[in-house]
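J.: So the sequences go chain by chain: A and B.
Take the first sequence: its position 178, counted from the start at 1, is 177 in numbering that gives the first Met the number 0, and no numbers get skipped.
Take the second sequence: its position 139, counted from the start at 1, is 138 in numbering that gives the first Met the number 0, and no numbers get skipped.
No lab work stands behind these hints: they were computed from the structure.
Don't be surprised by glycine CBs; every beta carbon is placed ideally from N, CA and C.
Do not take every clue at face value.
Here are the computed lysine-lysine pairs in the DSS-like style, where the Cα-Cα straight-line distance is at most 30 Å [said to hold, decoys possible]:
#1 B:K1 x B:K55
#2 B:K12 x B:K206
#3 B:K276 x A:K279
#4 A:K25 x B:K276
#5 B:K12 x B:K1
#6 B:K145 x A:K109
#7 B:K224 x A:K110
#8 A:K110 x B:K105
#9 B:K105 x B:K55
Just a sample of chain B residues kept apart from chain A, beta carbon distances all over 10 Å, derived [said to hold, decoys possible]:
#10 V59
#11 D218
#12 H235
#13 I252
#14 K276
#15 P343
Which stretches of chain A does chain B cover? Using the computed rule of at least three CB atoms under 8 Å from a CB of chain B, they are [as the list claims (entries may be wrong)]:
#16 96–104
#17 138–146
#18 210–224
#19 263–275
Here's the letter readout for the chains.
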Amino acid sequence: MSILVDKSTRVVVQGITGSEGSFHAKACMEYGTRVVAGVTPGKGGQTFDGAVPVYNRVIDARDKEGANAACIFVPAAFAADAIIEAVDAELDLVVCITEGVPVLDMVRVKKYLSGKKTVLIGPNCPGIISPGKCKIGIMPGRIHTPGPVGLISRSGTLTYEAVNQMSLLGIGQSTCIGIGGDQIVGTSYVDLLQRFNNDAETEAVVIIGEIGGTAEEEAADYIKETMDKPVVGFIAGQTAPPGRRMGHAGAIIAGGKGTAAEKMAAWEQAGIHVQSNPAKIGETVAQVLGKS
Amino acid sequence: MKIHEFQAKDIFKRYDIAVPEGEVAATPEQVREIAERLGGGTVVVKAQIHAGGRGKGGGVKVVHSPEEAYEAGKAILGMNLVTHQTGPEGQTVRRVLVEQGLAIAKELYIGIVVDRATACPVIMASSAGGMDIEEVAAQSPELIVKAAVDPAIGFSAMHARKIVFGLGLDKELIKPVSRVVTGLYTIFTEKNCSLIEINPFVITEDKRCLALDGKINFDDDALYKHPDIKELYDPHEQAPEELEASKHKLNYIKLDGNVGCMVNGAGLAMATMDIVKLVGAEPANFLDVGGGASVEQVENAFRILLSDQKVKAILINIFGGILRCDRVASGIVEAAKKVDLNVPMVIRLEGTNVEEGRRILHGSGLSFEVATTFDDAANKIAQCV
């Protein structure tokens, strides 16, 4: 088992004819992902890489090729529209890699998502991978190995670092998800923790947080009350300087939350195995799983 | 992106939010002339820098004659203003805003920001406006009135009513303050703000409503929609190294330590700073070279790191995902040959084609320390400083 994706996931790549989209669509196909269609408005009828049909609309990719997941590489100015199109086509999963989507665009998207069945991962994220089964995103497939650990992270390369540490210790992953570093993202830690908690193959979960916002604190509440699998956590930004703040309004809305120390304390209280050394995330997972 | 108070007030005026009469000056003589034009009575001379806390730092003076205004201008213009938001290095004052003095009866706070948790813009206001609003928010949150705006329905008159009646304002103030709340929300959405704030919003003894201060931050990712806003950018407000870094698409923040860090990805960059501290050294900076890390970028990153005299060693930590380690290694070698590297350097490469990358580093003839793991890199850098 895995969460959100598996061998049967059929992917449409939005923006497949662009340089980013075509490069990563090929890399996903090489990994074994079933990329069944591409979408670039105005380029419908072309064929990508000799085998993948390109359509003008996501709904055509769904109806003609059975696509049930989308991966978005379109430029930031058009990303919100691309997400809305994929949600309108009632796909199960949308992964938006695009970086730099305006916050107020995401406010609209987030509203549109509520009550819909589509799960949005990102934007500004590396994507999702279930090792050996399906990769939708830009992460290096090679460092991942199949196994029992789920991983959720707000960061990109730091996620690769954690995965690599685990793989080198012989600990594989069930599914790894980068939820994105933006202020507003489609899916929070809590929703994914729930899915991992219900996934028979996942034995433990690693969560990697960052300073700012309150998503980590919300995750702590869920873990404390509901999660019955062990969780290992790391928060990046313990040494980040205070300031770079959003004036008074930011401070008011955060209610004083957001520093690494506060987040780590909240996680420890929730029973998370908090590691303060980013080089020892893998080792901590090994200890928790009784493998060291 | 941040703008100055006088620029924010120009925007307010376009949306029918009243501000005190005033003008911007760059010399003490201009300050005197403006004070004369404003009637020769009481004026306020306010330093124009992006950071808050200007009054407490000595950057705001109330004076009572054009001559005193001249003296205040002389004192403030060119001063290095240090506030809790500038950091210890402070910020040079290049311009002042000279405004008519007002007899203030009441100070309010009004602000709008996007709340991450609910993903909605939230309007906030308090009848306890003024310099200590943050303390008010922390100590007495019941004094803050909030109205979240559901993007599906947008702003409605009821949001303004929720705020003004929530503040318990006098009857005659309901309409004018509602108009201000409406105007602020319009600016917030039309111009893609990340923060808009009036603190204090004042009611004068003769019952006029004015924005005595103004702060607007814009969403950098939406600036492409607003060329008029982009023009308001003031490069003097950014540290020179940070400005240089942004020209080369490097994300750089200067810190106080002695280990210069160069990393790809923000999360890994922060984690690298964390581990440097854990082994007993201090990071000199945050530097994210992004996903590209071309020769030019690495070269420019070296120059920026080395321009900081405190840097005693450099730590490079690259996790090559899509980026191939052999390419990064060649980039580092090429860049290092072009710059005069006079401090020890530890390089840790991991990811795609790492063996080839390490071979290139070892074979370069340059004196790098090559680390194999994240831990190893941290320990080696600790020995250097």
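J.: Confirm or reject each hint.
T.: Results for each hint:
| no. | hint | result |
| --- | --- | --- |
| 1 | B:K1 x B:K55 | holds (20 Å) |
| 2 | B:K12 x B:K206 | holds (19 Å) |
| 3 | B:K276 x A:K279 | holds (15 Å) |
| 4 | A:K25 x B:K276 | violated (40 Å) |
| 5 | B:K12 x B:K1 | holds (18 Å) |
| 6 | B:K145 x A:K109 | holds (21 Å) |
| 7 | B:K224 x A:K110 | holds (22 Å) |
| 8 | A:K110 x B:K105 | violated (37 Å) |
| 9 | B:K105 x B:K55 | holds (20 Å) |
| 10 | V59 | holds (17 Å) |
| 11 | D218 | violated (5 Å) |
| 12 | H235 | holds (18 Å) |
| 13 | I252 | violated (7 Å) |
| 14 | K276 | violated (5 Å) |
| 15 | P343 | holds (20 Å) |
| 16 | 96–104 | holds (count 6) |
| 17 | 138–146 | holds (count 4) |
| 18 | 210–224 | holds (count 5) |
| 19 | 263–275 | violated (count 1) |
Hint violations for this structure: numbers 4, 8, 11, 13, 14, 19, all remaining hints satisfied.
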